[in-house]
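These protein sequence lines map, in sequence, to chains R and D.
So the first sequence is numbered by the numbering used here: it starts at 295 and just counts up by one.
So the second sequence is numbered by the numbering used here: it starts at 808 and just counts up by one.
Note that these hints are calculated values from the structure, not bench results.
Just to be clear, a hint being listed does not mean it is correct.
Which chain D residues face chain R? A few, computed with CB under 10 Å, are given here [what the hints assert, rightly or not]: (1) Ser809; (2) His811; (3) Arg812; (4) Ala832; (5) Leu848; (6) Cys850; (7) Gln855; (8) Lys859; (9) His896; (10) Leu909; (11) Ala928; (12) Lys929.
For glycine and all other residues, C-beta sits at the position ideal for the given N, C-alpha and C.
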Amino acid sequence: MSAEAYDPDEADLLIAQQMAGINTADRHGPSDPLGAHVIDWRHLSDSDARAAWDSLRAWVDWFVIRYRIAETTVPPCWYRHGQLVEELSALHVAHGAAFDSTDSGFGPIGWHERLSVAMPRLTKAYAGGCTNGHRDVQPRAPITIDEQEWDAWTTKAHAH
Amino acid sequence: MSNHRRPGLWNTYRTSYLRSPAWFARRDRWFEEETATNWPLRCVACGQDASKRQLELHHLEYGPNLFTHGVWHADEPHEDLVAMHPYCHELLHRLIDRDQILSRHLSRRVASARAIARLRAKLTTLREAR
């Protein structure tokens, strides 16, 4: 899908292509036919990455204009801020489901209610700093645990 | 009113009834009745022909399933059951679960009928677009 414009018809075609590979015996299959193409960024493969990024980019381009989202909330370098990507991706997926033809009509108002709750999180997810070009956020240090202490700790539930 | 799926732990319908000999016998009988109509077996959601082994049954109503003397009795009318692929059946429940109107404001029969109609339209469109 082109990143220039968000086109629901094109999204449907993409879903149709994905449907071709769906196994009707597998009840754990995706919710794409209901308009929800969930992206799990943690497990996204490199081969699926481009399509996921392009789809999200097209939606974000539309979203920031339609809802007049300030650059202090969603900067041009949003895709380099992981927390922002997760939040925007969640809104994108929910938007697809809310406005899908399978929805009864409460989906859009429900999405807007979720959006109002998500807005403060979006602002917090970025928190400024890229006004004059992207600046890498200092990543927090990975958790390091003493393995011996961990082994000793995990021998009990510590719940009572 | 709620058409939401209940968690398995508190749902004797799923954990007990759908595993009972009475339900398996009723299921077999439904497919015999359906086959006798000479219409091909098919999934009501995606519209594709399928075999009995590939289909499961969705309840449009929880009919007079009586649990007496420790035994389930399955007497659902034929028209209260519809055949669906496991995946299409799952999509139906996901749709009902997420949709306020379908899950809270309609009878199970009406909610199911509307959800199936929407699913059928969507799956048919997607299939034709392939």
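Status of the D/Cys850 interface restraint (C-beta, 10 Å, chain R): holds, 7 Å
Status of the hint placing D/His811 at chain R (closest C-beta pair under 10 Å): Result: violated, 14 Å to nearest chain R Cβ.
Supplied contact hint for D/Ser809, tested at 10 Å Cβ to chain R: violated, 15 Å
Agreement of hint D/Ala928 with chain R interface, Cβ distance less than 10 Å: holds, 7 Å
Satisfaction of the D/Leu909 interface hint, Cβ to chain R closer than 10 Å: At 6 Å from the nearest chain R Cβ, D/Leu909 passes the 10 Å test, so the hint holds.
Proposed interface contact between D/Arg812 and chain R, which counts if any beta carbon pair is under 10 Å: violated, 12 Å
Interface hint status, D/Gln855 versus chain R (Cβ within 10 Å): Check passed: Cβ of D/Gln855 comes within 7 Å of chain R, closer than 10 Å.
Given hint D/Leu848 near chain R, where the shortest CB pair must fall under 10 Å: violated, 13 Å
Chain R contact restraint on D/Ala832 - CB to CB distance below 10 Å: At about 23 Å, which exceeds the 10 Å cut-off, the nearest Cβ of chain R leaves the hint on D/Ala832 violated.
Hint check, D/Lys859 versus chain R [nearest Cβ-Cβ separation less than 10 Å]: With Cβ-Cβ at 13 Å, over 10 Å, it is violated.
Agreement of hint D/His896 with chain R interface, Cβ distance less than 10 Å: holds, 7 Å
Restraint check, 10 Å cut-off on beta carbons, for D/Lys929 near chain R: This interface hint holds because 5 Å falls under the 10 Å limit.
Comparing the model with each earlier hint shows violations of hints 1, 2, 3, 4, 5 and 8; every other hint is respected.
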